[in-house]
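Asker: Residue 0 is where the sequence shown starts when you use numbering that gives the first Met the number 0, and the numbers rise one by one after that.
Read the hints as simulated data drawn from the structure, not as lab findings. Check before you lean on any hint, since a few could be wrong.
To be verified - Taking CB as the label site, the calculated pair distances span:
{"hint": "1", "residue 1": "M37", "residue 2": "L101", "range": "34 to 44 Å"}
{"hint": "2", "residue 1": "D50", "residue 2": "D98", "range": "46 to 56 Å"}
{"hint": "3", "residue 1": "A100", "residue 2": "P25", "range": "28 to 38 Å"}
{"hint": "4", "residue 1": "Y47", "residue 2": "F102", "range": "44 to 54 Å"}
{"hint": "5", "residue 1": "E89", "residue 2": "P43", "range": "38 to 48 Å"}
{"hint": "6", "residue 1": "M95", "residue 2": "E6", "range": "36 to 46 Å"}
{"hint": "7", "residue 1": "D98", "residue 2": "R32", "range": "14 to 24 Å"}
{"hint": "8", "residue 1": "V38", "residue 2": "L84", "range": "12 to 22 Å"}
Source: prediction; values computed, not measured. C-beta: ideal position from N, C-alpha, C; glycine also.
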Amino acid sequence: MTECELEEVFRLVSCALDTLHTNSVPLVLGDVREPSIMVRVLRPEGVYPSDPASVRGRVSAQLVDYGICGTCQERWYDTSYNMELDWPPELVAAAMYRDTALFPLMSPRHDAHML
Numbered sequence: 000m001t002e003c004e005l006e007e008v009f010r011l012v013s014c015a016l017d018t019l020h021t022n023s024v025p026l027v028l029g030d031v032r033e034p035s036i037m038v039r040v041l042r043p044e045g046v047y048p049s050d051p052a053s054v055r056g057r058v059s060a061q062l063v064d065y066g067i068c069g070t071c072q073e074r075w076y077d078t079s080y081n082m083e084l085d086w087p088p089e090l091v092a093a094a095m096y097r098d099t100a101l102f103p104l105m106s107p108r109h110d111a112h113m114l
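My request is simple: use the sequences and hints to build the entire structure.
Answerer: As structure tokens, then:
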């Protein structure tokens with residue numbers, strides 16, 4: 000995948016997350032990692048575009064894993080997450096408080112950190 004195609008994937012995922020975060024019931028995906036994003040690139044074989052405008056409409060990205068998605072500021076994170084991943088520092092620092100009222104609530108800033 001070319002750099003401009005990756006930039007388009009980032010833009011599309013950012014837009015999808017913004018849609019979740021600004022929904023009438025704001026949601027947080029909670030797990031913004033490569034396995035949670037499905038990407039499709041349509042281009043002729045052997046062509047590697049370097050112009051960002053040339054990839055619009057040829058690259059699609061979808062969020063596909065809503066396993067721990069929840070309502071912003073209301074749903075707790077899944078407490079069985081893998082601590083070896085790049086989780087937001089706030090969650091890592093609060094790991095000892097899992098399953099208690101001290102554990103952080105879901106926030107759009109957590110999605111932004113993982114993106």
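Asker: Determine for every hint whether it applies to the structure shown.
Answerer: Against the structure, the hints:
1. M37 x L101: 34 to 44 Å: holds (35 Å)
2. D50 x D98: 46 to 56 Å: 50 Å Cβ-Cβ, so the 46 to 56 Å window holds.
3. A100 x P25: 28 to 38 Å: At roughly 21 Å between Cβ atoms, P25 and A100 fall outside 28 to 38 Å, so the hint is violated.
4. Y47 x F102: 44 to 54 Å: Once the Cβ atoms are compared, 45 Å apart, the range 44 to 54 Å for F102 and Y47 holds.
5. E89 x P43: 38 to 48 Å: Roughly 45 Å apart at Cβ, these two residues keep to the hinted range, so it holds.
6. M95 x E6: 36 to 46 Å: holds (38 Å)
7. D98 x R32: 14 to 24 Å: holds (23 Å)
8. V38 x L84: 12 to 22 Å: At 20 Å between Cβs, range holds.
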